[in-house]
Amino acid sequence: MSAHYLALEIRRVLRSPRFMIFTVAFPVLLFLLYTGIFVKDGDGAGTASLMVNMTAFGAMASGLFTGTRVAIERQAGWQRQLRLTPLSGSGYLVAKAATGMILALAPVILVPLTGLIVKGVSLDAAGWLRVTVGVWLAAVPFALIGLLIGQIGTADSTQPITQLVMLPMALVGGIFIPIDVMPQWLLNIAHVLPAYWLAQVGRGGVTTDHATGLGQDALVLGLFTVVLSIAVIRRYRKDSARV
1 MSAHYLALEI RRVLRSPRFM IFTVAFPVLL FLLYTGIFVK DGDGAGTASL
51 MVNMTAFGAM ASGLFTGTRV AIERQAGWQR QLRLTPLSGS GYLVAKAATG
101 MILALAPVIL VPLTGLIVKG VSLDAAGWLR VTVGVWLAAV PFALIGLLIG
151 QIGTADSTQP ITQLVMLPMA LVGGIFIPID VMPQWLLNIA HVLPAYWLAQ
201 VGRGGVTTDH ATGLGQDALV LGLFTVVLSI AVIRRYRKDS ARV
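Final position of the sequence shown in the UniProt record's numbering is 243; the numbers increase by one with none missing.
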């Protein structure tokens, strides 16, 4: 992977108002809005849980955002041009995934910081690590999903596809709907979604309710990462074979 190419990718995305609004400002605003409406004064646990959920949402959205640029580049023929340069296919894919992960740092830092400064959330060091570093690392599968969507969709269809993937995951995965109020059948569906395990990583830092253990969370997300990596590589090679 070329460090220069990665820096170029990050600069290009940071110039996008859509990214700044949807993946940076939106999770923070939702956190402040939801805590103002649904959390009673003095309910530190409720505030912390919403902080985790909105951090997870921001990390997920940042990862999925990578697909839009990939689809545009495919349609414009940019990927074909890159194949004529020293940048390898694996370097291109790793740079795209790394861009999504670096961009996910924004909500992963800003939402917990807002919780600490504005809402007075108090956690121990291990809790803060899980809510920040843990959630950030858990977003890897979503950067890969974004790459896969970008490899499958077109410049016009990628955004709707991303929304169709992200919103059900956020709802059923326990980010927008608390898992405490889910019926068992819906909770069973949630368990097969990476969004559930993403939120579980952070949730374990603020509560012991519905805890699954960090090792189990990491194992499930690791399996998602392996399967999605294979799918992304296969799709990229299929595109390359048509050129």
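Because the hints were derived from the structure by calculation, they are not lab data.
This structure is a prediction, so every number in the text was calculated from the model and none was measured.
No residue lacks a Cβ here, since even glycine has one placed at the ideal position from N, Cα and C.
Some clues are possibly wrong.
Below, a list of computed lysine to any residue pairs in the SDA-like style, where the Cα atoms sit at most 20 Å apart [what the hints assert, rightly or not]:
1) Lys238 with Gly120
2) Lys119 with Val39
3) Lys119 with Leu29
4) Lys119 with Gly44
5) Lys40 with Ala25
6) Lys238 with Gly91
7) Lys119 with Val24
8) Lys119 with Lys238
9) Lys40 with Gly120
Have a look at the derived ranges for each label pair, beta carbon to beta carbon [claimed, not checked]:
10) Leu219 with Ile177: 37 to 45 Å
11) Thr154 with Gly91: 21 to 29 Å
12) Gly213 with Ile177: 16 to 24 Å
13) Asp124 with Gly222: 22 to 30 Å
14) Gln159 with Leu33: 20 to 28 Å
15) Gly120 with Leu164: 16 to 24 Å
How the hints compare with the structure:
1. Lys238 with Gly120: violated (51 Å)
2. Lys119 with Val39: It holds: about 11 Å lies between the C-alpha atoms, which stays within 20 Å.
3. Lys119 with Leu29: Judged against 20 Å, a Cα distance of about 13 Å means the pair holds.
4. Lys119 with Gly44: Holds - the C-alpha atoms of Gly44 and Lys119 are around 9 Å apart, at most 20 Å.
5. Lys40 with Ala25: Roughly 24 Å separates the two Cα atoms, so the pair is violated.
6. Lys238 with Gly91: holds (17 Å)
7. Lys119 with Val24: holds (18 Å)
8. Lys119 with Lys238: Roughly 49 Å separates the two Cα atoms, so the pair is violated.
9. Lys40 with Gly120: Roughly 13 Å separates the two Cα atoms, so the pair holds.
10. Leu219 with Ile177: 37 to 45 Å: violated (24 Å)
11. Thr154 with Gly91: 21 to 29 Å: holds (24 Å)
12. Gly213 with Ile177: 16 to 24 Å: Once the Cβ atoms are compared, 22 Å apart, the range 16 to 24 Å for Ile177 and Gly213 holds.
13. Asp124 with Gly222: 22 to 30 Å: Cβ of Asp124 to Cβ of Gly222: about 25 Å, so the range 22 to 30 Å holds.
14. Gln159 with Leu33: 20 to 28 Å: holds (24 Å)
15. Gly120 with Leu164: 16 to 24 Å: violated (37 Å)
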